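Q: Residue numbers (the numbering used here), protein chains in the order written: chain A, 1 to 257; chain B, 1001 to 1213.
In short, the hints are calculated from the structure, not lab data. Don't take every hint at face value.
Straight-line alpha carbon distances no greater than 27 Å define the calculated BS3-like cross-link-like pairs of lysine-lysine that follow [as the list claims (entries may be wrong)]:
hint: 1; chain 1: A; residue 1: LYS119; chain 2: B; residue 2: LYS1098
hint: 2; chain 1: B; residue 1: LYS1167; chain 2: B; residue 2: LYS1067
hint: 3; chain 1: A; residue 1: LYS28; chain 2: B; residue 2: LYS1071
hint: 4; chain 1: B; residue 1: LYS1071; chain 2: B; residue 2: LYS1081
hint: 5; chain 1: B; residue 1: LYS1081; chain 2: B; residue 2: LYS1067
hint: 6; chain 1: B; residue 1: LYS1167; chain 2: A; residue 2: LYS28
hint: 7; chain 1: B; residue 1: LYS1098; chain 2: B; residue 2: LYS1202
hint: 8; chain 1: B; residue 1: LYS1071; chain 2: B; residue 2: LYS1167
hint: 9; chain 1: B; residue 1: LYS1098; chain 2: A; residue 2: LYS28
hint: 10; chain 1: B; residue 1: LYS1098; chain 2: B; residue 2: LYS1167
hint: 11; chain 1: A; residue 1: LYS28; chain 2: B; residue 2: LYS1202
hint: 12; chain 1: A; residue 1: LYS28; chain 2: B; residue 2: LYS1191
hint: 13; chain 1: B; residue 1: LYS1202; chain 2: B; residue 2: LYS1071
hint: 14; chain 1: B; residue 1: LYS1202; chain 2: B; residue 2: LYS1191
hint: 15; chain 1: A; residue 1: LYS73; chain 2: A; residue 2: LYS119
hint: 16; chain 1: B; residue 1: LYS1067; chain 2: A; residue 2: LYS73
hint: 17; chain 1: B; residue 1: LYS1081; chain 2: A; residue 2: LYS73
A quick note: this is a predicted structure, and the numbers were derived from the prediction, not measured.
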Amino acid sequence: MKNFSKLLSTVLLIGLATTASAQLVDQKDVSITLDMQPVLELEMTTPNQIDFIFDEITEYQAGITQPGATILKVSATVNWDLYAVGRSEAGTRFWDQQVSYGSTTNSVANLPLSLLELKQSRANSGDANATGTYSDYSAAFSTTQAAATGANSLFVNNTGSATPPTAADKYIAGHLGTLAGDSMTAGTYLNNSGTASDFYYVMDYRIAPGLPAIFPNAFIADGDTAEDIATTSGNASAYAEGGVYTMYVQYVLLEDQ
Amino acid sequence: MQQIKRTYHQLALFSLLLVSALGYSQIHCGVVELQSTAAVEANMTFADFSRYNAGITLMSVARLRVKVENKAVVDLDCSWKLRMFIENNSGAGTAADKWEEVTLYGNGNALQPLISDLEVRVTNNCGTPLNTGFRSFTDVNDILNIIEELVPQVIVPEGSCTASGTKNVNGPGSYLTNYDEYSFDVDLRLKPGFQYNPGVYKLNIRFRLEEVN
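Bound-form chain B, shown alone (with noise of 0.2 Å):
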C-alpha cells in the first residue's frame, strides 16, 4: 500500500512538471503589441438611393500597428498570427448571423441585415496577409486569419516581404522599423440592398495579435 501511495506522488509530481513546462513553453516572445488610433468608429449611412445602389466603401477606417519583440534572451520560436472576430452582442439575443439592432425607422420587409453583407479588407503595402481581398464572415462564430498560424510552424522574419514579396511575414519586428510588413490597413465594404429594413445596427470588428504557442 505504501508503494502505490509512493507511485502515485511520483506519477503526480511528474505530471505537474510535464505541465509546467509545457506553459512555460508558451511564452516566446517578449513584447506583442497591437497599436491603432484611439477607439474606431465607422459610421456607414445610407441616406440616398446611389448609396443604396453602390453601397459604402470606407477605406483605411482603422490602421494597425504590430510591434512584436523577442525576449532578451533570443528565443527562435518567437511568433505571432493576427485575427478577425466578430461580435454583435449576441448575449442580449441577437441571432448570430445578424447584425444588431439598435433602432427602427418603421416597418419594412421585417428583414434584419446579415452579418455577411459586410465585406472586411485587411492589407499592407507589402500584401503580406495570405488573403488581400474583400472577404466576409458567416456568422459570429466565424474567425478570419490575417497573419496565419502555419502548421507545422514556419516563421517568416521582418524583411522577407521587401526582398521576395513573401507572404505571412510572422517573425519579430515592429512598425517603427519595418512599417510596410507591420501595419496593416483596414478596409469595409457594405450594399445592404433594399430588403432590409431600414434602422441603425451595430457590429464590433475584434482585432487580435497574439504570439504563437
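Pulled out of the complex, with its shape left as it was, chain A reads as follows (with noise of 0.2 Å):
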C-alpha cells in the first residue's frame, strides 16, 4: 500500500509538471523607436536691407530710427541663447566703406560697428547670472540731447568675428553660461502666446550721428567704454567721413551648452 502511494504521488506530481504550465498563451511584440532630433529654428522678417540715408542737418542731430525692422521668431527644442553680433565684410570691426564723399584731416573714415543701436521688444528674461552694465537691448533709445549711453550699441567683437558675447555683453535672450536662468527654456512662439512671448522679439534700429557727427552713443561691448569717433581717434576736431558705408547684423540662435 505504501509503495503504491509513492508511486501514484511520483506520477502525479510527472503529470502535474507536464499540464499545469500547458495553459495556452501567444505573444507578438511592436517595437518603438522615438527618434526626437534637435530643432532650433529661427524665422526672421526684415528687408533685405536697411537704408540710413542722412541729407538733412535735423537727421544728424535726431538721428533716425526705423521701428520694428526686424522680427525675430524663435523655435527650440532646447535651451537656446539668441545674440545679435555687427559684422563687416572686410571682418573688423568697422563699417566697410563703400565710397567716400572726400576726406579732409579731421575726418574719419573708420566708424565703429557699435554706432548702430538696438532696442528689443521685450526684456531679457534669461539674463540672471549676467555681469554687464546692460545684459540686453531692451532700453528705451535715449533722447539725442541726453548724455551718451551704450544701453543699446550693438555688440561687436574685437576681431570682428560672430564669436558668443562674454558674460558682460549683451544678449537678446539668455547668457553666457549653463546655470540655471542662463539660457531660455524650449518651446516655440507658434504656441506661446504670440508677441508677448519669450520667443518672438520686434527689433528696432536707430543710428545717431550728433553733431558733430562722432556718435556719441557707440560703445564698446561692456557699454560702459565709449567707442565714438572723437575718443577713439584722440582728436576732439574729428568727425565722420562722408560716404556710403554698409555693415550687417548678424543674428545667432544657438543651444545653450
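Hey, can you piece these two chains together into the complex? The hints should help.
A: Have a look at this one:
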C-alpha cells in the first residue's frame, strides 16, 4: 500500500509538472523607436537692406530710427541663447566704406560697428548671471540731447568675428553659461502667446550721428567704454567722413551649452 | 503512530489529486494563436516643429490576428483574453515610467520622455474591445486589456458583434472565418512637446493572447 502511494504520488507530480504550465499562450511585439531630433529655428522677417540716409541736418541731430524693422521668431527643442553681433565684410570692427565723398584732415573713415543701436521689444529673461552693465537691448532709445549711453549699442567682437558675447556683454535672450537662469527654455512662438512671449522679438534700429558726427552712443561691448570717433581717434575735432558705408547684423540662435 | 502516517499519506495523495485536476482544468482550448506581420518596428521621427507641435500618429502599425480553436472534444469553457504590456528594458536601470534612452543628441531640459506620453489604440471593424479609444500606460507595471477576462466568466461567442454590436467577443473563432472580430489594428500616437532631451529612445509593446483558465 505504501509503495503504491509513492508510485501514484510520483505519477501525479510528473503529470502536474507537464500540464500545469500548459495554458495556451501566444504573444507578439511591436517595437517603437522615438527619434527626437534637436530643432533650433530662427524665423526672421526683415527687409534685405535697411537704409539710413542722412541728408538733412535734423537727421544728424535727431538720428534716424527704423522701428520694427526686424522680427525674430524662435522655435527650439533645447535650451537656447540668442544674440546679435555687428559684422563687416572686411572682418574688422568698422563699417565697410563703399564710397567716400571726400576726406579731410579731421575726417575719420573708420566708423565703429557699435554706432548702430538696437532696441528689443521684450526684456531678456535669461540673464540671471549677467555681469555687465547692460544684459540686453531692452532699454528705450535715449533722447539725442541726453548724455551718451551704451545701453543700446550693438555688440561687436574686437576681431569682428561672430563669437558669442561674454558674460559682461549683451544678449537678446539667454546668456553665457549653463547655470540656472542663463538660458531660455525650449518652446516655440507658435503656441506661446505670440508677441508677448519670450520666443518673439521686434527689433528697432537707430543711428544717431550727432553734430559733429561722432556717434556719441557708440560704446564697446561692455557698454561702459565710449567708442565714439572723437574718443577713439584722440582728436576732439574728428568727425565721420561723408560717404556710403555698409555693415550687417548677424542674429545667432544657439543651443545653451 | 502508524495510523497518523497513513492519514498523512492519504491527505497528501488527495491534495495532489486535487491540484492535478485543477492543473488539467486550465486547458479548455485546442489552439491559441496570435499572428502578425513579421517583427513590427514603428519609427517616430520628430525632425521639425510641425511634428513636435502636432505629434505623430501612426495608423495600423501592426495588425494582430487571433485564432482560437476548441479541442476535438468541445469544451464549453474555451475562451480567451488579449492584453498589452509595456517594456523599457528596466533591467538596465531605466526608470519604470520612462522610455529607454538609446542615445542623446545634446543637452536639453534634462528630462527623459515618459511612457505615459505614448498613446495606443487597438480596435477592429466590429469594435469588440471594451475600450476603443487611445489609452496610455502609466509605467511598466501597467497592463491594458483589449479583450478582457470577465468575472464571473462570460463567453461571448463568435458572430455576436456582427449581429448586435456586442463587445468583448472571446469565444473560439478565427480571423479566417470572422475577420472583423478576430483581427485588431494597432494605432500609435505621440505628442512629446518641447520639454524632453533630444535623443533616440525605445519602448516595446507586448501583446499577449491567453486562454482564460
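Q: Against this structure, judge whether each hint is valid.
A: Evaluation of the provided hints:
no. : hint                  : result
1   : LYS119/A - LYS1098/B  : 43 Å, violated
2   : LYS1167/B - LYS1067/B : 17 Å, holds
3   : LYS28/A - LYS1071/B   : 23 Å, holds
4   : LYS1071/B - LYS1081/B : 17 Å, holds
5   : LYS1081/B - LYS1067/B : 12 Å, holds
6   : LYS1167/B - LYS28/A   : 23 Å, holds
7   : LYS1098/B - LYS1202/B : 10 Å, holds
8   : LYS1071/B - LYS1167/B : 24 Å, holds
9   : LYS1098/B - LYS28/A   : 22 Å, holds
10  : LYS1098/B - LYS1167/B : 33 Å, violated
11  : LYS28/A - LYS1202/B   : 17 Å, holds
12  : LYS28/A - LYS1191/B   : 25 Å, holds
13  : LYS1202/B - LYS1071/B : 40 Å, violated
14  : LYS1202/B - LYS1191/B : 15 Å, holds
15  : LYS73/A - LYS119/A    : 16 Å, holds
16  : LYS1067/B - LYS73/A   : 55 Å, violated
17  : LYS1081/B - LYS73/A   : 52 Å, violated
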